[in-house]
Amino acid sequence: MTVLPWLNHLIIVPVLLPLIVGALMIPINQKRHGLKFGLGLASGMLLWAVAVALLVLADGGYWPGGIGVYLAANWAAPFGIALVADRLSALMLVLTATIALAVLVFSARRWDRVGVSFHPLFQFLLMGLNGAFLTNDLFNLFVFFEVMLAASYGLVLHGYNLRRIQAGMQYIAVNLVASLVFLIGVSLIYAASGTLNIADLGARVALLGAQDAWLLQVGAAVLALAFLTKGAMWPLGFWLPTTYASASAPVGAMLVLMTKVGVYAVLRVWLAVFGEGAGAAEGFGFAALTLGGMATVLFGAIGMLASQDGGRMAGYGAIVSSGTLLAVIGHSGGAVLASGLYYLLGSTLAMAAFMLLIELTERIRPPGAALIAITMEAFAIEDKPEDPVGVGIPGTLAFLGLSFAACALVIAGMPPLAGFVAKFSLFHAMLAAAPEGVPATTWGLIGLMILAGLAAIIALMRLGVRTFWAAGAVTPPRLQFSEAVPVGALVILCVLLTVQAGTVFDYLDRTTAGLLRSGDYAARVLGEPPVLRAPGAEGAR
Amino acid sequence: MELVLAISVGVVFGAGIWLILRPRTFQLITGLLLMSYAVNLVIFAMGRLWVDKPPITPTPAIDPAQFADPLPQGLVLTAIVIGFATTALYLVMMIGARGLSGSDHVDGEEPRE
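Chains as they are written, first to last, in full-length UniProt numbering: chain V, 1 to 541; chain X, 1 to 113.
Hints were generated in silico from the structure; no laboratory data involved.
Fair warning: this is a prediction, and the values are worked out from it, not measured in the lab.
Watch out, some of these pointers could steer you wrong.
[What the hints assert, rightly or not] Residues on chain X that point at chain V, a partial pick, calculated with CB under 8 Å: (1) Ala88; (2) Tyr90; (3) Met93; (4) Ile95; (5) Ser101.
[To be verified] Residues on chain X that point at chain V, a partial pick, calculated with CB under 8 Å: (6) Thr30; (7) Leu32; (8) Ser36; (9) Val39; (10) Ile43; (11) Leu75; (12) Leu77; (13) Ala85; (14) Leu89; (15) Leu100; (16) Val106; (17) Asp107; (18) Gly108.
[What the hints assert, rightly or not] To list a few chain V residues with every Cβ distance to chain X over 10 Å, as calculated: (19) Thr442; (20) Ala513; (21) Gly519.
Built from N, CA and C at the ideal position, the CB exists for glycine as well.
Input sequences plus hints: build the corresponding full structure.
Here you go:
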């Protein structure tokens, strides 16, 4: 091969595009919101198109085995950094781009002005997220985590007030320590195996001697500490509810996605390294993930019942969702994993919509507005009710109520929406996976998930009743189209996910089948040849 | 040499852990700095310890056991730069918190007696 097919370059676009657009935005004057928003939106749409294209390419058999490999700087796999677009990465990219578009449109009305540099930071956050989903190198994963976190530090503080600073201090401190732990894990793994390439690591793990295999397991456990801090597994996730409750609505919606990055990293590394064919290390840590996930679900469910305001409740909801996913990853098995990924899609979309919705419903009650009044004054934003920009939509309360109900149904896992389909298929797969007697942990997990659903429905109903049925205190807020449309779109996506469950499950079955064949993955990544120079081209290096 | 390095990493890291558990932001950031130094030493040592060995060879077909591993050196540089940047970011944040809350406690308010 002398020339790389141009479609292969699409793999690096989700990293480069937000980087370039974000960098271009920095010199633009703070006051030109329209231009920055336009650039950000264009970048978001392009990213979405590229992500969908990657998904079609990965699933359509364009690459052998559905795995596209991009060798950065043209170095062959274990030496250089390889970016890998398989079905799972492509799916996460589409999810990221979808939520990012909704959040961008939502923030256009007001939030991008409540502070400086919202749009560039948002682009850098997207770059970090996309990079973390695409990379196949542990140290490169660290770098993309840091890009993502550095942008999120800025965004969490966005709309600077005392509450955000207090929460942000803890969020940043916890994540800085987690980053250091990440580095220790990476260095232990390198010391044990001599490689940082995930596919190569998976291929080598069975060949390690007893002592090195032991060191590798220690390293992987330390690394998991860092991932699980991001993924908020109990007892590493105490930072999360405070951060969610104090972050501004658009940032909160992106934070929902960021906890999923931690879960994704665990899934990717564990299935590739400790999946089938890992020799003595096979199955290392899966039981711990199941138990930890179960503890997390319980913690989140109790937290949801105990929380009073919407943001905090959403935070605990995110904890329940990551706990469920971790338990499912630990449980392993193809059909269970496919249902888990379906649960990830539904719960992420619903949680993101819920974060945006909370901010809108808080306008029903006047005290909510006071919170941002100071920053709005500081940045001289006028929020006149008779503002001619945009038209208030009719039937706001009906819209808010219906969206709230839809989100609540998905989060709690009640019929008829996606949450129910996900939970039902999870139970079915877990019970079907053990025909000769279901182990106690599986029963425990099923019980906990039902309990968490009950807790969620109680907590959300209480919040809904207090918000929408509060006697005399309800005044329909004015909503703009640009605020209502993203929430509505995310809710409709949840409905579509339910209606098209068959198609989605087919895709997810192919995804998990690919994930479980870690040998093929390693062979594909390590076998990708670099582009050679044409024989006639001028001088060798 | 391994023992000396291991002990110094342990002492520095331990001091860092003690400091990040303290209530004032200055102690916290000093602790984070110390911990990141210790981590950098760990990364540096992970390619085994070498003395007076060049990391890169211009000619191929030479016994690689005679050379130091260049990768950890590259990694530690990246880690130093990233650690430096995030620490600077945290310092800015601390100054903001101090200005807004009037307290240098990590909770943003003085503990109630």
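Going through the hints against the structure:
no.: 1; hint: Ala88; verdict: violated (10 Å)
no.: 2; hint: Tyr90; verdict: holds (6 Å)
no.: 3; hint: Met93; verdict: holds (6 Å)
no.: 4; hint: Ile95; verdict: violated (11 Å)
no.: 5; hint: Ser101; verdict: holds (6 Å)
no.: 6; hint: Thr30; verdict: violated (12 Å)
no.: 7; hint: Leu32; verdict: holds (5 Å)
no.: 8; hint: Ser36; verdict: holds (6 Å)
no.: 9; hint: Val39; verdict: holds (5 Å)
no.: 10; hint: Ile43; verdict: holds (5 Å)
no.: 11; hint: Leu75; verdict: holds (6 Å)
no.: 12; hint: Leu77; verdict: violated (12 Å)
no.: 13; hint: Ala85; verdict: holds (7 Å)
no.: 14; hint: Leu89; verdict: holds (6 Å)
no.: 15; hint: Leu100; verdict: holds (5 Å)
no.: 16; hint: Val106; verdict: holds (6 Å)
no.: 17; hint: Asp107; verdict: holds (6 Å)
no.: 18; hint: Gly108; verdict: holds (4 Å)
no.: 19; hint: Thr442; verdict: holds (38 Å)
no.: 20; hint: Ala513; verdict: holds (34 Å)
no.: 21; hint: Gly519; verdict: holds (25 Å)
When the structure is compared with the earlier hints, violations turn up for hints 1, 4, 6 and 12 and for no others.
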